[in-house]
Amino acid sequence: MTCLFEVDRTVFEKALFGVQNVAQKRTATPILSNTRIDAETGRLRLYATDYDVGITQWIDADVQNVGSAALPARMLYEIVKRGTGDLVRIEVDDQHQAVIQTGPRARYKLVGMEPADFPEPPPVTTSARLELDRELFRLWIRKTLFAAGTDDSRAALAGVFVEPSEQDDLRLVATDTHRLAMVELPGIEGASALPAEGVILPRKALGELLAISEGDGTIELGVQVQEGGQQQYIQARWDQTELLFRTVDGRFPSYRAVIPEETRQTAVIDRSDFIAAIERVSLVITERFRAVSLRFSADTLTVQARNPEMGEGEEQLDCSFDGEDGFEVGFNAQYLQDALNQITTDRIELRMIDDISPTLIFGEADETYLNVIMPMRL
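First residue of the sequence shown? That's 34 in our numbering, and the numbers climb one at a time after it.
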């Protein structure tokens, strides 16, 4: 017998959820589709990696025989998730065969792999560390990650850029070149210890972090450097969980160049009404015709979508506008909705130059969170 343990099924399921998200479903390296389980005295260590992201979870358990196992991550999670008992009992033999009991009358067998073949986290040393409120950090990521690129050929855009300053201010930025989201965070203790050139946190790792890090408390972020090399990692730790992931290689674009310092036209609009109007007129939008037009007068905003294949929709809203009467500009409807959904103030402010230059979107009286969207030709 290699190992034998009993564990609370609900706790085990929650831990396996995060681990199986990282484990690869289809891979040329079969061991990476497994979860490694190390049964130690009084607890289990669960680990999975795809080489770019590694996750470790610790949970309490009644370990009757210490040892290790590597079991199919997705299958193990699904079996435990559907269990009916309060406890899960797993026994693994010397041939890596696991017997899993999830209820009084439920018994499964899984074929495992040699746990010694499982890659361990790389040896790293910490070069900087800061501690943040976990829910606030999750909020900052949500406010930026949606604007990150999804094109793997432009890796430097496929994540969130974290940039420090000497005054312990922190800036989070994401862009796909069509839009940009930026959060300004003043007075973050320890921020100035981060690499001056900033670091790019990859989209996949941040998505995993958002999926499993709910709850109160803090999250500790450490910048790690691999021993004997220049590869940087970020170590995120909270509760009994550790996420270790590579930063993105490459230089983040000079994003300040696309943020206008001066604008010519300003509109203030009720955020909820604006979102609802865009959603309704967007009923006629398709992949080929994605734009909504915004036409402004002194006290009225006309939101319109046209689709020659289906028809058109138009709604008028109250607004406060300072600019050229009749000014019209077009935007990708989804980009507008994405930005507006992350703003929390009752009213939003659009600052525009013309119908081809970048437009700034703020929450009214809140300049700590900025969205920039490139217009579309109508």
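Hints are computed from structural coordinates only; laboratory data are not their basis.
Among the clues, some could well be false.
Computed cross-link-like contacts, DSS-like style, restricted to lysine-lysine with a CA-CA straight-line distance of at most 30 Å [claimed, not checked]:
1) K114 <-> K237
2) K58 <-> K47
3) K237 <-> K47
4) K47 <-> K142
5) K142 <-> K58
6) K114 <-> K58
7) K47 <-> K114
8) K58 <-> K237
9) K114 <-> K142
Note that this is a predicted model, so its numbers are computed, not measured.
So, going through the hints one by one against the coordinates:
1. Restraint check: the Cα-Cα separation between K114 and K237 comes to about 24 Å, which is no more than 30 Å; the hinted pair holds.
2. For the proposed pair K58 and K47, the alpha carbon gap of about 19 Å is at most 30 Å, so the pair holds.
3. Of the supplied pair hints, the one linking K237 and K47 holds, its CA atoms being roughly 19 Å apart against a limit of 30 Å.
4. For the hint linking K47 to K142, the alpha-carbon distance of about 21 Å falls within 30 Å, and the restraint holds.
5. Only pairs whose Cα atoms come within 30 Å are accepted, and K142 paired with K58 is accepted, the gap being roughly 20 Å.
6. For a cut-off of 30 Å, the pair hint linking K114 to K58 stands: about 18 Å separates their Cα positions.
7. Using a Cα cut-off of 30 Å, the hinted pair K47 and K114 holds, with the two alpha carbons roughly 9 Å apart.
8. Annotation: proposed proximity of K58 to K237 holds, straight-line Cα distance about 15 Å (limit 30 Å).
9. Restraint check for K114 and K142: satisfied, since their Cα atoms lie roughly 15 Å apart, inside the 30 Å limit.
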